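Generate coordinates for the entire structure from the input sequences, incorporating the hints supplied.
Residue numbers (my numbering): 216 to 920.
There may be inaccurate statements among the hints.
Stated by the list, open to error - Cut-off 30 Å, straight-line C-alpha distance, at most; resulting in silico cross-link-like pairs (DSS-like, lysine-lysine):
#1 Lys637 x Lys657
#2 Lys290 x Lys487
#3 Lys487 x Lys447
#4 Lys414 x Lys393
#5 Lys447 x Lys393
#6 Lys488 x Lys393
#7 Lys522 x Lys414
#8 Lys447 x Lys299
#9 Lys758 x Lys637
#10 Lys290 x Lys393
#11 Lys484 x Lys522
#12 Lys487 x Lys522
#13 Lys488 x Lys522
None of these hints come from the bench; they were simulated from the model. Fair warning: this is a prediction, and the values are worked out from it, not measured in the lab.
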Amino acid sequence: MIPQLSDYRLSLRARRLALVAWILLVIAGYFALMAILDTERQRDTRQWEVRLSLIAAARSQAVEGWLEDRSTALKNLADNVSLKLYMTEVMSPHINDEFANEPAQVTYLRNLIISSARTGGFSAPPVSPADLINANVKTPAMPGIVLSDPTGASLVTTRSTPTPADLPEALRDFSHPKEPVFSGPFPLGENRYAIAFRKPVYGVQADAATSDPMGFIFGIALLDDGFFNLLKPDAHHLSGEASLLLQRENGIFAYISPPEDGHEPLELKFDKKSSDAGIRAAENPSGLIEARDYRGADVFVVAQPVKETNWFVIHRINRDVALAETAARARWLTISYLLAVLMLSAAFAALWKQAVALRARENAAHYRTLAHRIRRHEELLELIARNSPIGTVIADSGQHYRYANRQAAENVGWVRSEMIGKTLSLVHGQVHGEELSNANRKAMSSHTEQQHIWRSAEDDEIRSVRMTRHIPIDAIPIPEEAADIPGVLMIEQDLTEIVRSEERQRRTLRRLIETLVMIIDRRDPSAARHSACVARIAYVIAKHLRLDPVEIHAAETAGQLMNLGKLLVPVEMLTASGKLRGEDREFIRRSLMTTADMLEGIAFEGPVVETIRQCQERIDGSGPLGLVGEDILITARIVGTANRFAAMARPRSYRKEIGFEKATQTMLEEIGTVHDRRVVTALLHYLENEGGRQEIETLMGQGEG
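Below is the structure:
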């Protein structure tokens, strides 16, 4: 029987639909493969971040311990009573008149510092006998210990140790004589580098708090192989894995440890705009950096600061080495997928050619063969889709399921076969189903991809968070349909673990903030709960001004942490009962700037650090930074007003409280000079109309109790 023309047209339409279905399934398989590969790479990258961070932290602690041992040795020497007595006698103007040769006190001090240099890590390497005998040959500069008077003039030194005048400028700056000084590295002779410490020495009965030093101890330690061995890799390191020491000084970065490519220490220098991976890690030492280093190699790198120095331990590994196994798996999966696509494409092309050749005469057989082949294609692609971690769904314009892979069925707890033909509202529930349907309709009407994020929670605990992409398609590739039916390809991704991780980080940061506030309150009982009052007032004002959630959070957090710098203020100054001196008040006021410096580099959500830095600014520009009006962050204006009101409304150790009425009157008088009118208006609304006065009095009462 000769096929009718209508049968031939139907066959051609079926072939076209099959081609569209094949293309969509290939695309879905490609997206699924890319998602699997991306997930594996992210997982392996996180594992490397943990490993590199642990190694960098261990090497940083080793360097800190090396420095601490030498600093402690110098401090113990500076506290030696015999050294103080003999230094006093050596600096006497008559000592040289009493002795024809070297005074015994000088000899004792020299022997003492030689012994201390040997035990404290400041000794010089062995010297050949020829160097000791030939007095006319100038010996190279050696590490060691130097005793000097208050001006830096040498009194006693170990053999061939540089005098203070030959040391770096930081060690020769005596503008703050009471502070210990650390400097280095710096060249010490040819191909040698050293670091130096300076410790003040006080008289036997002198009070270090009120007296000036009678002299100084300088300790010069050599950065030898023993020091650099602290950074050497262990037996389990991989190729391209290394730990380096980096210094940041005056905006310039220099590698201290000798890099493996033959450069000398401090020879490799970069500014902070450099794209070198180590520099970028030092600028942002809070996580893994993936970039190119000075060798031109793509690396994973982390940075760990070395305490009390401007050094960083940089630990890196070549990215290709780190992700070698990941790349191998990716190649295997990609090759397998491409082979499958090529094989199926070849089969599909053969079927297409066969169908064209047979045409109408073999129409029935052609349909049977094509259907069989398509089922085989679908089974293979279904195998890929079934193992994909991403749910894939096709819905028609009436919001009925036309296709769903296994992951999509598991996400909603249905059997796949039972989902086909059901509406989205029936499967997902009325509320969420309608949200998905609206997103589908919008995608179809606009002919553009849409995204929809939804979450479910129970008792404030996140159960699931999912993102759905809605991609419009003109015709659903289902052969059973006689006409083109438009629809939407829905790709669902589970974001639950990512969101939960972010929530855990937020809770951890919140607990840390509460702990720091508790420590501050215990140091200053009279101002206890002050931070809580400021944070609460700032939160309410920010909400009233309808700031976005990030700004509201930043204002509240800045209010909680603004007094962190008081940890550096002496307790007796915080709890003084009398009126504070001007310099004491200024010292406490500067603690806010100290707070901002202490928190610099912490990745807060919103401008927390800059809010604390600007909260002492005044609208008229008379604040410490000179910012005027709108140039001051709105969050800083809010926290500044909240802090001023809370400070006036509660008592302090050196004065009684001013009271709510006087405090509010003062705030009104300072509008336009100190405070923003909108902020003060919001504060008064909270106090008078929203029970703010009772709430703040309750917080203050808890602090005093």
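Practice task
Below or equal to 30 Å on CA atoms is what counts here, so check Lys447 against Lys299.
Solution key: Violated, at about 40 Å.
Exercise for the section: Given the hint that Lys290 pairs with Lys487, test it: the Cα-Cα distance must not exceed 30 Å. Expected result: 35 Å, violated
Exercise for the section: Compare the distance between the alpha carbons of Lys488 and Lys522 with 30 Å, and conclude whether the hinted pair is satisfied. Expected result: Holds, because 24 Å separates the two Cα atoms, which is no more than 30 Å.
Problem - Holds or violated: Lys488 to Lys393, with C-alpha atoms at most 30 Å apart - result: 36 Å, violated
Practice task
Would you mind confirming whether the straight-line C-alpha gap from Lys758 to Lys637 stays at or under 30 Å?
Solution key: 44 Å, violated
Exercise for the section: Mind checking the alpha carbons of Lys487 and Lys447 for me, to see if they're no more than 30 Å apart? Expected result: Status holds; Cα separation ~26 Å.
Handout entry: Satisfaction of hint between Lys522 and Lys487, Cα-Cα up to 30 Å
Key = 20 Å, holds
Practice task
Sort out whether Lys393 lies within 30 Å of Lys290, counting only the CA atoms.
Solution key: This hinted pair holds, its Cα atoms lying about 13 Å apart.
Exercise for the section: With a cut-off of 30 Å on the C-alpha distance, tell me whether Lys414 and Lys393 pass. Expected result: Judged against 30 Å, a Cα distance of about 8 Å means the pair holds.
Practice task
Sort out whether Lys393 lies within 30 Å of Lys447, counting only the CA atoms.
Solution key: Given that 30 Å is the threshold and the Cα spacing comes to 36 Å, the pair is violated.
Exercise for the section: Sort out whether Lys522 lies within 30 Å of Lys484, counting only the CA atoms. Expected result: Within the cut-off at roughly 22 Å; holds.
Practice task
Please work out if Lys522 and Lys414 have their alpha carbons no farther apart than 30 Å.
Solution key: 18 Å, holds
Going down the numbered hints, you'll see the structure goes against 2, 5, 6, 8 and 9, while the others check out.
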